[in-house]
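Following the hints, complete the assembly by docking chain B onto the known chain A.
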Amino acid sequence: MAETTAVAEAPVEAVPEKKRSGSSTLVRVARYSAVRLASLLATVVVSVYLTILIANMGGYVDRIQRGAIEESISMQLAMNPAFKALSLAEKEKYKADLIAVQERRLGLDQPFLARSFVYLKDALTLNLGRANQMTSDSGSKLVKNIILERLPPTLLLTGMGSIILFFASLFIGLSLSRKYGGWLDKLFVVLAPTSSAPAWFYGIFLILIFAALLGWLPFGGMTGAPPKETTLAYALDVGKHMILPLLAWVLSGLFLGAFTQRTFFLIYSSEDYVDMAKAKGLTSRDVERRYILRPTLPTIITTFALTLIAMWTGAIIFETVFQWPGLGRQLFQAIGLYETAVIVGETVVYAYLLAMTIFLLDFIYALVDPRVRIGGSEGRAG
Amino acid sequence: MKTLRNTFKELLRYPSAIFGLAIIALLIALSIYAVISIPYKEALRLWRGGEGVWDQYPRNAPPAWTNLFKSQKVPETLFLSSADGSAEKVLYPGENDVNTIVMTYTFDYQFDTFPDDMSLFFKAKFTEKQPHLSISWLPPAGEAFRVADFGAGKAKTYPFSQDTKLQRRLAGLSPEQGLFIADPKAGLTPPVRGTYKVRVSATTFEPDSDVDGEFVLYGQVYGLAGTDHLRRDLRVALLWGTPVALAFGLIAALGTTILTMSIAAISTWFGGWVDAVIQRITAVNMVLPFLPILIMIGTFYSRSIVVILGAVILLSIFTGSIMTYRAIFLQVKEAPYIEAARAYGAGSWRIIFSYLTPRIIPMLIPNLVAAIPGFVFLEAALAFLGLGDPSLPTWGKMINDAQQNGALYQGFYYWVLEPAALLVLTGLAFAMLGFSLDRIFNPRLRGL
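Protein sequence lines correspond, in order, to chains A and B.
Numbering (our numbering) for the first sequence: 1 to 382.
Numbering (our numbering) for the second sequence: 1 to 448.
These are calculated hints, taken from the structure and not from any lab test.
In this text, all values refer to a predicted model and were calculated from it rather than measured experimentally.
Treat the hints with care, as some may be off.
Said to hold, decoys possible - In silico SDA-like links for lysine to any residue, alpha-carbon gap of 25 Å or less:
1. LYS186/A <-> ASN442/B
2. LYS73/B <-> LEU213/A
3. LYS70/B <-> TRP216/A
4. LYS240/A <-> GLY406/B
5. LYS186/A <-> MET363/B
6. LYS240/A <-> LEU408/B
7. LYS186/A <-> ALA370/B
8. LYS240/A <-> GLN410/B
9. LYS186/A <-> GLY374/B
10. LYS70/B <-> LEU208/A
11. LYS121/A <-> LEU288/B
12. LYS91/A <-> GLN102/A
13. LYS9/B <-> GLY181/A
14. LYS186/A <-> PRO15/B
Chain A extracted, bound-state conformation (with noise of 0.2 Å):
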């Protein structure tokens, strides 16, 4: 609260400017917030738009969809013996309608480009539709269900892993930067490289260790077969089986993650005003609280909001090692699939995701560091 004390302390003749200035604060931060909305929404609708031509090929997927249909309805009447005693001339007829009539129902009677506007609107609106093929496993098409189903499990494992990593990091940080030079200190500086290896490189390493030579834990999955019966068996099971995939996730990114948050204290305490307030007489503890702390708080925040959000997407790679049933290894699967319904489904909530927390993140800086003001530094570099 120190350097806030300066602004409290104004002259009261500054009160009325104060007032007037207040209503225009309240102009300039509607103006900003629409303007920032507006903006990121229309970054929202390119980045969607060109994920619909990216998951449909530009069209090709189509291609593809026709084929198979083509091919299932001649497989059905090549099978069916009703269908023998008709004219080479009536099958053709009678396929070429069920045809049209699938083709219809996947909307494949009218022109890609056309469709993916129908697209776009339905994934921004979050309408998400019906997947061809996937379903969930309690067996409906329903993308929402789809997508619903396998959140539980990524946010168990990547969000818990991120926020261990996350809080590990930043107090393991601290605590560096307070014994700078030691030999804690000192193995986190030539263990930071480590990181360079992701998570699921880890995973490989530690099921080799703990599942095939130790046989300690299991190689994969999110329970035992058959799953246990009662409530608390299922959750020590599934607990057991976090265990591999947890110690990967962290041991990948601790050591760099400690490393940078110490450096990044290391060079927040030596400014000069860290300096002055040693020179004041406060308390290593106040110094760090006020000084340190503060102002690192925005960028603390902007890493754990993307931390936060970057759970969604799951981690590809990752849930395919350990056979997670996440939302991660779900997309894998879609797109194998060509199921663009969920590939869409998912890049677009990801992107309301990414957009709110962008905008919310300017409201929180300006909230926790009082230099901050919200439209008012537009000539600034960012």
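Below, chain B alone, put in the same frame as chain A:
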């Protein structure tokens, strides 16, 4: 040039940089060796395999050096050929063009278990009358044992284990076991150690007729790297994976950083709508899902490493680092020397590429080096998902093969560990070098 030398000198003060540089030098040497010892076309042919390429190799054999850690020594794979001199070949001329060629394959057997199989591969040269072959087995002690007699044909393979007649004569023991036991009638006992000989005497009936034969003892371990489920020597993939990984990482990192830097410079210099457009593209690109798009390209379009590399670079240009560079360029743009350049009439492009961009190269180099491991692992990750280049042997594909064939379940750890170790080394080397470079070039980090 002088700054370069100074940088290098300073770099040598960091042990991690020395370690990183040493490993990178080693990897480059390995790449050069790979490309020279196994030319590109040959590598593709070997890795594709097929008939006649890997027949002489054991299946799923760990590397030979694993014997050092085993209490029970398992047999190594042996190749002895009369054609290349690793086996003795003597010609005894006879009368009426009937000659005898005796080929002796001598090997020292000092192992605790039996080989997987043994085979003789013959190639004979004749016009009408095929040579006659007679094979005998000479154990370290005891008498010679007649194995089989047959006509050679143009090309003939004799697998010991499939000779049922021989099996009967060995009291029902499989020949690759029975032949190593002193008394097969007493049942299965550990193999007798010592020097064994396989003697093939070929009788030829024509003046130019000739026979050559290769004896293969299929061990349970093979060579430096071992073999996979298709009998392929993993050395090919390990060796060729090195230049592929290095090239992919380097090109991707170089392409991405240079393009990002140039675009950031253009964006700041021209400002206005150029800047706005570039910023919008960056925002859109940051929302697009990176890995899923790469997987889609791999699944729908092409798995060629060149296409994937192009896509990786394109998707990695417009990222957060454009913002970082932009912030720096905005400061540099106001510097007096830019003002001076403009005053004497330098064009926009000259200012951008000759005056603006060089200023951030110190910051660029650590970033570039540190970005390499990410791209190397990305290639491995795509290969792991089954989206590796269809023809190239790479480390990621090796791990994918291993995973597909349950290497970890079956205990073929070497299959996963070898490419993984090389990946880790590559990643670590560049990361360590990048960290050290960052400390040298980034004055705020100096001493931290």
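Here is what the structure says about each hint:
no. : hint                  : verdict
1   : LYS186/A <-> ASN442/B : 19 Å, holds
2   : LYS73/B <-> LEU213/A  : 20 Å, holds
3   : LYS70/B <-> TRP216/A  : 23 Å, holds
4   : LYS240/A <-> GLY406/B : 22 Å, holds
5   : LYS186/A <-> MET363/B : 24 Å, holds
6   : LYS240/A <-> LEU408/B : 19 Å, holds
7   : LYS186/A <-> ALA370/B : 20 Å, holds
8   : LYS240/A <-> GLN410/B : 22 Å, holds
9   : LYS186/A <-> GLY374/B : 24 Å, holds
10  : LYS70/B <-> LEU208/A  : 19 Å, holds
11  : LYS121/A <-> LEU288/B : 18 Å, holds
12  : LYS91/A <-> GLN102/A  : 17 Å, holds
13  : LYS9/B <-> GLY181/A   : 24 Å, holds
14  : LYS186/A <-> PRO15/B  : 13 Å, holds
Checked against the numbered hints given earlier, the structure satisfies every one of them.
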